[in-house]
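J.: Listed here are the chains, written in short residue letters.
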Amino acid sequence: MIQKKLRIAAFNLWGGALVIAGTLTGCVQAVPQEVVEAVESIDRNLMQLRAAEIAPTDYGSFARQWVTLRARVEAEDDLIRWPWESSDLEFALRRLQEEGSRTVARLTAQQAALRHSAERQLAHIEDRMKLISVQVSAIDSRLVLGTKPVETDLLVKQARTFYEQGYYGQSLETSDRAAHNLAAQAATLSRELGRYASRDRIVQWQQMAKNTIEWSRTHRTSAIVVSKAERTLTLYKDGHKVLSYPVRLGFNGIREKRYQGDGATPEGRYRITHKRGQGQTQFYRALVLDYPNQEDRRRFVHERKTGHIPALRGIGGQIEIHGVENELMAQTLGCVMLDNPHMAFIFDRVDKGTPVTIVGALNEQNSVALALAHLSVTRDEI
Amino acid sequence: MNMHHAVLPLLCTFALLAGCAQPPTDQINAAEQAVKDAQQSGAATYVANDYAKIEGLLGALKKEVADQDAKFALLRDYGKAEQLAATAKSEAERVKTEAVTKMEEAKHAAVQAHQVAQDAVKSTLELVAKAPAGKDRAALESIKTDAEALKASLNDVQMMIDKSDYLGAQTKAQAIHEKSQTVSREIEAALAKIGKGKPTAAKKK
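Line order of the protein sequences matches chains P and F. Here the first sequence is numbered in the working numbering, starting from 1 and rising by one per residue. Here the second sequence is numbered in the working numbering, starting from 1001 and rising by one per residue.
Don't take every hint at face value.
To be verified - Result set (BS3-like, lysine-lysine): computed pairs, CA atoms no more than 25 Å apart in a straight line:
1) P:Lys-148 x F:Lys-1144
2) P:Lys-148 x F:Lys-1122
3) F:Lys-1144 x P:Lys-130
4) F:Lys-1130 x F:Lys-1107
5) F:Lys-1071 x F:Lys-1036
6) P:Lys-130 x F:Lys-1107
7) P:Lys-148 x F:Lys-1163
8) F:Lys-1080 x P:Lys-148
Simulated from the structure, these hints should not be mistaken for lab results.
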């Protein structure tokens, strides 16, 4: 009887232990929730990295596996397994988790590198654009570039917006286009203003100035030499330099005058044809030059014939050396402008017939040549 | 024994009927068409992640069909494939709707930015037109060139919109707007200066 009771108790204990063990270890889900959540988290990370846009093949592979496995997870949601029983679904999810983690790490590094490149390129282009702008302003050649500076500025602004929005690839691409535009600006300046860096041309200009000074010495009278690059007007008397004054030119003065309204200041050998005192000019005092002279007319006709000057354009005229109408005037329409006290001084020391020679530059190291050399280095760096 | 003979053909017929499961071709075609529609609606651009997932679903569906096709005919079961096809179709339709909405939003934003840029450039050009003719106009020549360049750039924005490059159009329009405001400020400053001086008559130069 006692033995029977002991057997029953032992049986009950064994049975209870089995139930507890089963309860504690047997009710295992087919796939642990944390594995599913880990893959979901990787998917979110990939989406934040715009993986579908920047690495479509990688994300496509991940997405294909993920949607398949997720469908299986949902289908097997109510399944349980023994802890010692292997789950190929869990294995596949863990493998996807590892693969996804590696993709996240790789794309994160890739994005960081791309971001760095975009940032560096943008900063480089912004710096170059400022440098070119300073050089261009220094030699008053903004108009030579036409619409290019604005187009470049727009591209740089666009690249900055792309960068701020996290579109580093587009930012880089737009910066590259801006870089090409900057290089094109440097090339345009070099093409249009290259004569300021030409030794032969400078020698020619020097000879023109020398002849004028010689004429002043021979005829024991005054003469004027204006250098556009140096922005100076020099008065000579009997072949000797009297003084130099700073001048302002036309709004497109650095260029060679070609037709009416181009804002350029002509280059050549001229003479004063009229002296206009106070009340006879709006610009304090003025010395009217004989532009266009024969050489100007010959060149104009030739350029018109060859189609370099629009048919309806005239040659222009009324080029003067004059004073300042008001203190706010920064540029002229093609004349040579002096401050009024300087104008008064010059006005009293020249006569009708006094030669005025206007040249591009008198020194090889002139401001335009130096700016072009600087821009050439910049162009190579771009 | 007689009963045995009667049940056996019935069981065979049932087994044959059950074994001749066919892939859900119509549902698969419908799912593929829905994914194609989503793609044509710009889903790959505007909801790229979701689009990649529906492509993944389509891939899973094809694999499931291939797996079942590879089995012995009596053991094929296309139930899961049907389920995947239905999910792919409904998801593709949702993604298409979302793509259309996002594309419309992007288009609206681009068109709006274009309009704002147009207004800004118009104001800039009006300011340029206010500048007095004559000698003092010279200082405004380069600004005028800038304003003309901005006006020309507006065409680029319209071309981008026409090509459905809404992000490019929006960023460019924003850049034009910003630059236009800068140019306007320059003109206003120049006009304020000029206002102090006397306007002059135009001269031949």
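J.: Each hint should be assessed against the structure and marked as holding or not.
T.: Against the structure, the hints:
Note on Lys-148 of chain P and Lys-1144 of chain F: the hinted pairing holds, with a Cα-Cα distance of about 13 Å set against a maximum of 25 Å. Annotation: proposed proximity of Lys-148 of chain P to Lys-1122 of chain F holds, straight-line Cα distance about 20 Å (limit 25 Å). Of the pairs offered as hints, the one joining Lys-1144 of chain F and Lys-130 of chain P holds, with about 20 Å between alpha carbons and a cut-off of 25 Å not exceeded. In summary, the hint linking Lys-1130 of chain F to Lys-1107 of chain F is not supported, as the alpha carbons are separated by about 35 Å, beyond the 25 Å threshold.
Between Lys-1071 of chain F and Lys-1036 of chain F the CA atoms are separated by roughly 29 Å; this puts the pair beyond 25 Å, and the hint is violated. Between Lys-130 of chain P and Lys-1107 of chain F the alpha-carbon distance is near 33 Å, which puts this suggested pair outside the 25 Å criterion. Of the pairs offered as hints, the one joining Lys-148 of chain P and Lys-1163 of chain F holds, with about 24 Å between alpha carbons and a cut-off of 25 Å not exceeded. Between Lys-1080 of chain F and Lys-148 of chain P the CA atoms are separated by roughly 62 Å; this puts the pair beyond 25 Å, and the hint is violated.
Of the hints listed earlier, those the structure fails to meet are numbers 4, 5, 6 and 8, in rising order.
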